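**Student:** Read off the chains here:
2 protein chains.
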Amino acid sequence: MSYLDQITSPTLLINEPITRANIKRMADKAQRHGKKLVPHWKTAQSREIGNWAKEYGIREVTASSIKMAEYLCGQGWDNIHIAFPFNPLETPKLNRLAVSQSLSVQLVNPVTTQKLVDGLSNPVGFFIEIDAGYGRTGVHISDFGTIEKILRIAAQSDKLRFKGFYLHPGHTYYTPDKAGIYEQSRQALHMLKMKYQSEFPNLVTRVGDTPGCSVTEDFGDVDEIGPGNFVFFDLMQAELGSCTKADISVCLAVPVVDINRERKEILVHGGGVHLAKDVLVDSEGNKNFGEVVFLDESGWTIPFDRSYLKSISQEHGIIRASDSLLERVKVGDLLGILPIHSCMTADCMAEYLSLDGKKIDHCEGQ
Amino acid sequence: MSYLDQITSPTLLINEPITRANIKRMADKAQRHGKKLVPHWKTAQSREIGNWAKEYGIREVTASSIKMAEYLCGQGWDNIHIAFPFNPLETPKLNRLAVSQSLSVQLVNPVTTQKLVDGLSNPVGFFIEIDAGYGRTGVHISDFGTIEKILRIAAQSDKLRFKGFYLHPGHTYYTPDKAGIYEQSRQALHMLKMKYQSEFPNLVTRVGDTPGCSVTEDFGDVDEIGPGNFVFFDLMQAELGSCTKADISVCLAVPVVDINRERKEILVHGGGVHLAKDVLVDSEGNKNFGEVVFLDESGWTIPFDRSYLKSISQEHGIIRASDSLLERVKVGDLLGILPIHSCMTADCMAEYLSLDGKKIDHCEGQ
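Residue numbers (UniProt numbering), protein chains in the order written: chain A, 1 to 366; chain B, 1 to 366.
Take the hints with a grain of salt, since some may be wrong.
[To be verified] Per the computed footprint, the stretches of chain A lying under chain B, defined by three or more beta-carbons under 8 Å from a beta-carbon of chain B, are:
id : segment
1  : 59-73
2  : 107-115
3  : 276-284
Think of the hints as simulated: they come from the structure by calculation, not from any bench. Note that the coordinates shown come from a computational prediction; the quantities given were computed from them, not determined experimentally. For glycine and all other residues, C-beta sits at the position ideal for the given N, C-alpha and C.
Can you make the complete structure from the sequences, with help from the hints?
**Tutor:** So, in C-alpha cells, the structure goes:
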C-alpha cells in the first residue's frame with residue numbers, strides 16, 4: 001500500500017533520503033573544516049530524525065525551549081543546549097532535567113545568571129550569547145562589562161560552567177552580503193576567544209545559521225557550527241541560495257476540494273494552521289505561501305511550470321495554477337506544497353509521514 | 001494560589017467573564033433580530049467553552065475541518081456544520097461520525113456532490129456555499145447552472161439533504177465599506193431564497209463573519225448568522241471596529257528574559273509558534289505582532305501608553321516598550337500579549353488557562 005493511500009487530510013510528508021543527504025552534506029562540511037556540528041533541532045524537533053543524525057556522527061543538539069529539550073532528553077545526546085536566553089522561571093524544570101541529562105543554557109544578562117547561581121542544584125553548562133550586529137538578542141560584542149559581570153557571577157557557583165560564546169547572525173536571512181556578515185561573526189568570536197582563552201582554555205565558540213553555514217567555506221577559528229533549517233531546507237532557503245528546491249525534504253500533502261478553471265485557481269485544504277503564514281513576496285508584490293509539487297508513490301517531483309499558493313487563510317489555500325496543472329488536476333486529488341519556512345510548518349503539523357507510510361514523531365505543544 | 005504561580009512558559013490565558021459577555025452580546029443581538037446564532041467554533045475549538053455557549057441558548061456550532069467536527073461530536077450539539085468545501089477523501093470518516101451526530105457539510109461543485117451521493121451511508125445535511133464577491137470559495141452568485149446541478153445530483157440520494165445557502169463575506173476584513181458588503185450579502189441570499197423556496201420551503205440562509213455581524217443592525221431576511229472570532233475578539237477586530245481592546249478575552253502570558261533599556265526593548269519568550277505571525281502594519285509601516293497588557297491576580301489591565309511586539313521569530317518576541325513599562329519591568333516577570341488574530345494563537349497553543357487556574361481544552365493537531 002502506498003503512503004498516499006493513508007492520506008485524507010493535510011499531512012506533512014518527509015523524504016528520508018533527502019533529509020539524510022542534507023544532514024550528511026553539512027556533517028561532511030563540518031568535518032572537512034575540523035568543526036563540530038551541533039544542529040539546532042528547532043527545525044526537526046524529532047527523536048527519530050535525531051537517530052538518523054547520530055548515524056552521521058552528530059552527538060549533541062540544540063533546542064529552542066526547555067520543553068523541546070525535555071522532549072529530547074534521555075535519547076543518548078552527549079549534550080542538549082537550550083539556545084534561548086534562559087528564562088529564570090524555568091529553573092526548577094532545568095534542575096529536574098539536569099539530574100540525568102547533560103544540558104547547557106544561554107545567558108545574556110547578570111540578573112538571570114545570579115538567579116541560576118542561587119537556584120541550580122545540578123551542574124549545567126552555559127554559553128554567553130553575543131550580538132555582533134543582528135540586534136535580536138545577546139550581549140553586544142563591545143559590552144565587555146556585561147560579559148565580565150556574567151562570568152564573575154557564574155564563578156560563584158560550582159554548578160554553572162562556562163562553555164563559551166554563541167552567536168546567531170540571523171541577519172543573513174535578509175542581508176545580501178552573507179560573506180560580510182560571516183566575516184564580522186568570525187572576527188567577533190575570534191576576538192572573544194583571544195581575550196578569554198587564557199582564563200578559560202577550554203572555551204569554544206559556536207556560530208549557527210543555515211544561510212551562512214551553507215554558503216561559507218571559511219569558518220575561521222570558530223569551533224562549532226549550529227545551523228538548524230538545513231535538515232529540511234525550504235523555499236526561503238532556496239531563494240537565499242542555501243539549497244535548490246530539490247534539496248527540500250518536507251512537503252505538505254493537501255486535498256484538492258475545488259477547481260476554478262476560468263480564474264486558474266485551485267482550492268485546497270491547507271492554510272495557516274498547517275503551513276504557518278510565512279510568505280515570499282516577489283518584486284511585483286505577488287505573495288507566495290508555498291509551491292506545488294506532484295506526488296507519486298515514490299515521493300514528489302517539481303513541475304517545470306510553477307504553481308503556487310497565492311493566498312491562505314486559517315484552513316483554505318488558493319493555488320494560482322499553471323495550465324499543465326489545470327489539465328491534470330481533479331477534485332479529490334492530493335497535491336504537495338513545498339513550504340516557505342519548514343521549521344514553522346513542522347511545528348504546526350507536529351507529525352511527519354514518511355514515504356514508506358510510517359509516522360515520525362515531532363515534539364508536541366508549545 | 002494565583003493562576004500566575006502556575007506559569008513558567010508561554011501560556012494562553014482566557015478570561016471567562018469577558019468570553020461569556022462576548023457570547024451573550026452576540027446571542028442577544030441574534031435573538032433581538034429573530035436570527036439563529038450558529039457560531040463558528042474554529043476560534044474557540046473547545047468543548048468546555050462550548051458548554052458556556054450552550055448557557056446562552058446556542059444549540060448548533062460550525063467546525064472548519066472534519067477533525068474539529070470529530071472533536072466536537074458527542075457533546076450534545078443539535079448539529080455540527082463543517083464549513084469547508086467538502087473533501088471527498090473524508091467520506092468514510094463523515095459516515096462514521098454521522099452514525100451518532102447530526103452533521104452538515106458544504107458543497108461548491110457537482111463532482112463532490114456526486115461522490116457524496118455515491119458514498120454516503122448515513123443522512124447528512126448540506127449547504128451550498130455562495131460567493132457574492134469575496135472570491136475565496138463558493139459557487140458564484142450568478143452561476144445558477146452549478147447551483148442547480150448540485151441540487152439535481154443531491155436529489156438522487158435520500159441521505160444528502162439540502163439545508164440552504166451559506167455565505168462568508170470575508171472581504172469585510174479588508175474593505176472599509178462593511179455596510180455595502182452586508183447589503184450585497186443580504187441581497188444575494190434574499191434573491192436565492194426567493195428563487196428556491198417554493199421548491200425547498202425549509203431552506204435557510206446563513207451569513208457569517210465577525211466584523212459584519214458585530215456592526216450591522218440589518219440582517220434582512222437572513223435566517224442564521226455564523227460569526228466565529230467574536231467569542232474572543234483580538235487586535236485585528238479592534239482595529240476593524242468590531243470591538244474594543246477591553247472585549248478581547250484571551251492573552252498570551254510571556255516570560256521576560258532580557259531588557260535593553262537603551263533601545264527600549266524587552267525580549268520575551270513568545271514568538272511565531274505561540275502567537276502565529278499575523279501582523280498589523282500602521283500607516284508608517286511599523287509592524288505590530290501583539291500588544292502588552294499587565295497581568296495581575298484577577299486578570300489583566302490595558303496600560304495607557306502602548307507597548308507592542310515589533311518583531312517575532314520562532315520563539316523570540318521583541319517588545320518596543322513604553323517608558324512606564326521599562327520602569328516597572330524586571331527579568332523573570334510575566335507580561336500579557338493581546339493577540340492580533342486570536343483564532344490562530346489559540347490554534348498554536350491548543351490549551352487555555354483560566355484566571356482561576358483551570359486548564360481549558362482546545363482541539364489538538366491539524
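**Student:** So, for every hint listed, does it hold in this structure?
**Tutor:** For each hint, the structure was consulted:
1. For the segment 59-73 of chain A, the proposed coverage by chain B is satisfied: 4 residues have a C-beta within less than 8 Å of a C-beta in that chain, meeting the threshold of three.
2. Coverage of a stretch by a chain is defined here by at least three residues with a beta carbon nearer than 8 Å to that chain's beta carbons; for the segment 107-115 of chain A and chain B the count is 5, and the condition holds.
3. Given a C-beta distance limit of less than 8 Å, the hint that chain B covers the segment 276-284 of chain A holds, as 3 residues qualify and 3 suffice.
Hint check: no violations occur; every hint is consistent with the structure.
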